[in-house]
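*Asks:* Now for the letters of each chain:
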Amino acid sequence: MFRHTLQQLAIFSAFASGPCLADGYPVDISHQFGTARIAEKPVRIVSLSFIGHDFLLALDEIPVALRRWYGTDPYGVWPWGHDALGDATPTVFYGEIDVEAVAALRPDLIVGQWSGMTARDYALLSQIAPTIAPASGTGDYGMSWQDMLRVLATATDTTSKAVEIIDRIETRFADLRTQNPAWQGASAVMVWAGQVGAYTEHDIRGHFLENLGFVTPDAVNEMGSIDRTYVFMSPEDLSPIDTDVLIWLDAGGSAAGLNDLPLRPLMRAHREGREVYAGPLLSAALSHSSPLSLDYALDQLVPLIEAAADGDPATVVPTSDAAGILQPDAEG
Amino acid sequence: MHTQTKPIAIVNVMDNRLFALGLVVLGLALLSVLALRFGLRSMGFTDIWASFVAFDPLNASHIVVQEIRLPRLVAAVLAGASLGMAGALMQGMTRNPLADPGLLGVNAGASLGVVICIMLLGVTNPASFIWVALGGGFLASLIVFFLGGAGRGSPARLILAGAAVSALFLAISRGLLLISQQTLDVYRFWVLGGFDGAQFSTIIALAPFFGIGALLAGLATFSLNALILGQDTAKGLGIRVGLAQLLVGLAIVVLCAATVAMAGPIAFVGLIVPHLARWIAGPDMRWMVGFSACLGACLLVAADLLGRLAIFGGNMQAGVMAALIGGPVLIWLVRRHGVHKL
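Protein chains in written order, with our numbering: chain A, 1 to 332; chain B, 333 to 674.
Everything labelled a hint here was simulated from the structure, so no lab data went into it. Since the structure is predicted, the reported quantities are computational estimates derived from the model, not experimental observations. Among the clues, some could well be false.
Sample of chain B residues at the chain A side, in silico, Cβ under 7 angstroms [stated by the list, open to error]: (1) L372; (2) G376; (3) I380.
Residues of chain A clear of chain B, computed beta-carbon distances all greater than 12 angstroms [claimed, not checked]: (4) G24; (5) P26; (6) D28; (7) T35; (8) D60; (9) D108; (10) L124.
All C-beta atoms in this analysis are idealised placements derived from N, C-alpha and C, irrespective of residue type, glycine included.
Chain A with its partners taken away, still in its complex shape (with noise of 0.2 angstroms):
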């Protein structure tokens, strides 16, 4: 509370005096590969993080360079972003990290907090400015989107804005869990379909379900690591992935693989029609996790687990009959 009044305090005289002491800053920022010492307030920000331009944007700080993940915007920026970043035209990445590219941006501060650098990408770039990579012991993808947001928070003084969001979004989730009292403990995972691959509790989109109060199975946490969040399903034994709710994420165009699965049919999840087909803007949504993308997220996603949880095929989770992957006697 006290800091909070300082920072406004900071805020007040920054605009009185021009630049001076009182002010945040610098502030520390320490993570997997040492500390970032952030001498004032940014305005050159580079994000390499593939999600960290919404957590920017959501701060209403708008990066000079973003990475491009996937999809079909210019941008890279989903829609749930595209009033934030407003009529920005920031530079954008793709692919893999261009130190040099960065370089040529002079920014004052590169964030990559979900950007799998690397110690030799973080040692070249944080000589070009302060670099603030994931936080210790969370993996290269296995930040909460709450840390991510406070740490950029703290990075561009902005923290009231992020504690308001931070309660907003975890009042919502608090809520849910509360209304659904069947889903706590329960087992759920997030299954790209194509090929078959789980996340486990240490990813974003685990944590995604832990907020909703659904476990991840062990199965599927013992076969990765703090840093394979990412575990591929062999064909011939879906069994870890049979839990009470079962999220099908597709980038598009992979649901009718689904049925091209042999063993699917004999899956629990499938019988009793607890599986949930997330259609490419949904599993955009819940691959973000961030706070410009939950909310979108929730809406959808709420009411088809409620549609699948309850084990009951009769009622039909509308995006798995619109995707074609029930099985054919619930179909009709």
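For this one, chain A is given, so just place chain B on it according to the hints.
*Replies:* Leaving out everything else, chain B in the frame of chain A:
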């Protein structure tokens, strides 16, 4: 060549070849049983037998055998046999022991065709790849054929033209893949998949092409025996060289395109298998191609089986595994027996 003067010896050679072919087929059968037996889901031979004679659609083991391992096995057999035959034909036609379908541009052409197909048409089903794979394979082989002197150049020139066209087509494929992430995702799954996604629906759709390819290959062997003596000699023996070459070329392109459409480009099998076959079968192309088919099937089935075992991480590509097994065998063969002049 003393055998040609002694009829009894010919009978012996025939017997030996038949015996050897029998052994190879037996080996393939044994490998096939192992391929059905081993995998992530453990099961016994009784499960496998029961899945054939009393299939239970609610039994997971039966489903795994019949709908995962069996199509995978059939795909490996078809791909191995096709690549083996194509390699034997290619080496025979160019009279160069280094020739393989990968070196003469056919695989690169077929791959480029598939990449363009995924990119422009958004096709993801392997069975639909066949026509573009055929088109790309034909185009590449035509370019190689004309660059290589349109049948009048030396085999060395043909090989060089093939290497150049292969490199160019592969570079274009890679370039296109870098541009389009979506294409890359489909392509990677297809290329890395090997026999992972093998389905009977795909195999049945491609079966006519494998059949036609094998038939053409069989027909081509007769004229290849004459062609291998050199074009002038072949003409002297009454062979229409252009027609014979066209037949061989068609067989190679069809076999390779069908394989590429089903399992992606698999290198090396077409190179090594004919050497093994020649070692067992001698120079007669009819036997050579037959042995190449069986040995190619053995190699890919064994490679796919080993690649699935836990010690190799459980999902090593069959193509990589084939090179891992085949490489040392080829080295041993060359060191022990030398390379046969063609």
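*Asks:* Confirm or reject each hint.
*Replies:* Hint by hint, here is what the structure shows:
1. The closest approach between the C-beta of B/L372 and any C-beta of chain A is roughly 4 angstroms, which is under the 7 angstroms cut-off, so the hint is satisfied.
2. With a cut of 7 angstroms, the hint placing B/G376 at the interface with chain A is violated, because the nearest CB-to-CB distance is about 15 angstroms.
3. Of the supplied interface hints, the one on B/I380 is violated, with its beta-carbon coming no nearer than about 13 angstroms to a beta-carbon of chain A, more than 7 angstroms.
4. Here A/G24 stays apart from chain B, with its beta-carbon at least about 39 angstroms from theirs, past the 12 angstroms limit.
5. Against the 12 angstroms criterion, A/P26 stays outside the reach of chain B, whose nearest CB is about 39 angstroms from its own CB.
6. No beta-carbon of chain B is positioned within 12 angstroms of the beta-carbon of A/D28; the least distance is around 37 angstroms.
7. Every beta carbon of chain B lies more than 12 angstroms from that of A/T35, the smallest distance being close to 34 angstroms; the non-interface claim holds.
8. Look at A/D60: its CB is around 29 angstroms from the nearest CB on chain B, clear of 12 angstroms, so calling it non-interface holds up.
9. Chain B leaves A/D108 outside its interface by the beta-carbon criterion, the shortest separation being 30 angstroms against a cut-off of 12 angstroms.
10. The claim that A/L124 is not at the interface with chain B holds, since no C-beta of that chain comes within 12 angstroms of its own (minimum 23 angstroms).
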